[in-house]
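Asks: Each chain, letter by letter, is given below.
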Amino acid sequence: MEALTVHEGNTAVLERANVDTDQIIPKQFLKRVERTGFGQFLFFDWRFKSDGEEDPSFELNYPSAANASILIADHNFGSGSSREHAPWALQDYGFRVIIAPSYSDIFYNNCVKNGILPVRLPEDQVYELMQNGNDKEYHLTVDLQNQQISDKDAGFQATFEIDPYWKEMLLNGWDEISITLQYEEDIEAYEKRVKV
Amino acid sequence: MKPRTIIDKIWNEHAVRAEAGKPNLMYVDLHMVHEVTSPQAFEGLRLSGRPVRRPDLTFATMDHNVPTLNRESITDAISKKQIDTLFDNCREFGVELADIHSPNNGIVHIIGPELGLTQPGKTIVCGDSHTSTHGAFGALAFGIGTSEVEHVLATQTLWQSPPKTMEVHVDGRLGTGVTAKDIILAIIAKFGVDFGSGYVLEYTGEAIRGLTMEERMTICNMSIEAGARAGLISPDQVTFDYLKDRRFVPEGAEFDEKVEQWRQLATDEGAEYDERVVIPADEIEPMVTWGTNPSQGVGIHGTVPYPEDGKSATEKKVIKTSLDYMALEPGTKITDIHVQHVFLGSCTNARIGDLREAAKIIRGNKVADGIRAMVVPGSQQVKLQAEEEGLDQVFKEAGFEWRDSGCSMCLGMNPDFVPEGERCASTSNRNFEGRQGKGARTHLVSPAMAAGAAIYGHFVDVRKLDQTVSS
Ligand code: SF4
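Going line by line, the protein sequences match chains V and R. For the first sequence, counting from 1, position 193 maps to 193 in the working numbering; every step adds exactly one. For the second sequence, counting from 1, position 363 maps to 363 in the working numbering; every step adds exactly one.
Chain V extracted, bound-state conformation (with noise of 0.2 Å):
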C-alpha cells in the first residue's frame, strides 16, 4: 500500500448527502476478480449520459474538477453495501482523500485499509470546503502527520480527528496482514483456551 503523508491536490466538490456505494460503483462492475481498473466505472450512472457521454453536469465532471484527487462530499458517504470496489474504484479514479462531515463504518475501514484518507470535519468547515470549491479549481493541502487542512488562498485551515492507529497504518502504508500476524502467539493462545 502506498503511504500517506502530506498530500497536495486539486478538490471535487459532490455536493448531495447519503452517496451510497451502489451509486459509487453500481454493480453491473462488481463482477471482475480484479483488484485494479475500476475507476473507469466510478459513479457511471451519473458520470455518463445513457448514449455513453460524459454528462457536464455531474460534479466530476465540471472543469473545475479536472485531476481532482481530494473528494469534498455531505454526509453519511458511502453508506450501504460494504463493497470494496467503491474505494478501489475512487483510488483508481485519483482519489487519495475524501473529506466529510460523516461515512458508513465499513465504508471508512475500506478506506483506510487502501490507503485512502477519509477526513471527518465538522458540517459547516465541510460546507465552507465546497463553497471554495464549487465553481472553480481549488487546491488543498492535507497533511496526515499533523491532522491539518490548509489552502492557500482562501485561508482555510483545520484540524482533523483520527484513530492513532488507523493514522500510523496510512502514514507507513502497511499491509494489515503482516502486522496481525505478528500475533500469532496470541491468537494460538487464544484457540487453544476456548477450544475453538
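What the hints contain is simulated information worked out from the structure, not anything from laboratory work. Errors might be hidden in some of the hints.
Unchecked claim - One-sided and incomplete, this derived list gives chain V residues near chain R with beta-carbon spacing under 8 Å:
#1 Ser81
#2 Tyr165
#3 Ile177
Please read all numbers here as calculations on a predicted model, not as lab measurements. Virtual Cβ for every residue (Gly too), placed ideally from N, Cα, C.
Please build the complex by placing chain R with the ligand on the supplied structure of chain V, with the hints as guidance.
Replies: The following block gives chain R with the ligand in isolation, referenced to the frame of chain V:
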C-alpha cells in the same frame, strides 16, 4: 458483577488482544464467503503464499450472480468467471462450498441460520453488509470489506474498535397484521438512515420477544440500513428451539449444555447502553417506502411528503432528489401508487414464513393485469419446503413466476432486474437509485404488502384484506 449487555459479553469473550487506545484484535468464530467480495481476497492469499487459517470456521456459497432460471447455465461470461473462481478457490484452500448444485445453496444470510452455522454468542463476519441478519440469534455479526475478508481468511481475526451500544426498544404490543418488516422500516423512518452509525443495536421489548426467529432475522437484517455496525436480539427459548437438530448444532447432552451457556448471554437486568431509543409498537402501520433510501417510508395511510417537509436544507434537497427519481408528486396517497413489478425475495424476506404470509393473501386470487410478479425463495431448502407445502402452486395459479433461489432482483446483477422507469413493490432492503436496475423505482414493503400490491396493482392495506377474508 456489574450488569452487562449481550454486546459487551460477546465482545469481551472474543478479544484476543486489547490495548487501550487501539482497536482490539477480535477472534472470528464463523466466516461466511460469497463470490462477489472474495476473489480479490483469495488472490491476495495466493500472492503472499498464505493458507486459510481455519477452513473449518469458513463456509462459502454463491448467490449474487446465480440465475434463478436455468441456474446451471450461466450465460454472462463475467458472472460465470466469478462463480468458477469461487469454486476453484474453495477447492484450493479447503473451504466447504454450497455450490449451485448443492441442496444447501442459497443466499448467504439465509443458509447460515438454516444450517445451524449461526449460533448465539458467536462472532460472525462476511463480505456483505447484511451479515447483521445473523444477529437475530444473539450473535455479533457484521459486514466487512474484501481486505478484511483476506485478513480473516489469513488470521481468523479482525482489528475492531469497541462498539458503542444502543437499545432499540419496541414498546408494547404490535397491532394485528403488522409485520417484522414494518417494524424495522418504521424504526428507520423514525430515527433516520444513519442513527445507528458507530453503534451495535440491541432490539428489545415485548413486540420483539413475540417474533419468530425468521421475523427477528428480518429486523436484524436491516440494521445496516440504519447505519449500524450490527444489530442483535438476546437469545431465548424461541432461538434454542429453532436451532435444535440443525446440521452444525451439537446434539443431545452437548446441546443442553450449549443452551445453558447461551442463556447466560442475554443482556442482564439493569445493564446500561450508551444510547437508548424507544418506538411505541402501536404506532407502527404497514409501511411503504416512497424514496431512494430506506428511511423514506410512511404508513399505508400516509402520503408522499413535500420537499418543504424536510427539517433541514439538506433534507429538503434529499426529498426533492428522491421524488424526482421516483417520479412521484408530493401529496400523492400511498394507496394510489401503482406498480408494474412485484418481487418477493432477498435475504430480508424470502424465508418460508415470508412465503407463507404472502401465500395466505395470494391464495385464490390473481395477479392484476400488467403486473409481473415473481417469487425467489431465499434458498433451495426454502424452495423445497414451499413446494412440499404446495405454496408454489398457490403462487403459480395466481400468475406469479416461481424461481430458483438467489439474490435475484434485490440487486439486479444477474439476469433479473426492473426495467428503466418502472416501479416495483419489493420485499428486499434497499431502494437506492438503480439498485434493482438502472432507472428502476423501488418501494420496500413486507411480503404481505407485496402480495396485496400484486393482486390490486397498487398498494393496499393488507389488514383490511384480512378482515374481508375472515368475514
Ligand atoms: S439478497 Fe440482496 S441484500 Fe441480501 S445478500 Fe443478496 S444482494 Fe445482498
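Asks: Now tell me if each hint is right for this structure.
Replies: A quick look at each hint next to the structure:
no. : hint   : verdict
1   : Ser81  : holds (5 Å)
2   : Tyr165 : holds (5 Å)
3   : Ile177 : holds (5 Å)
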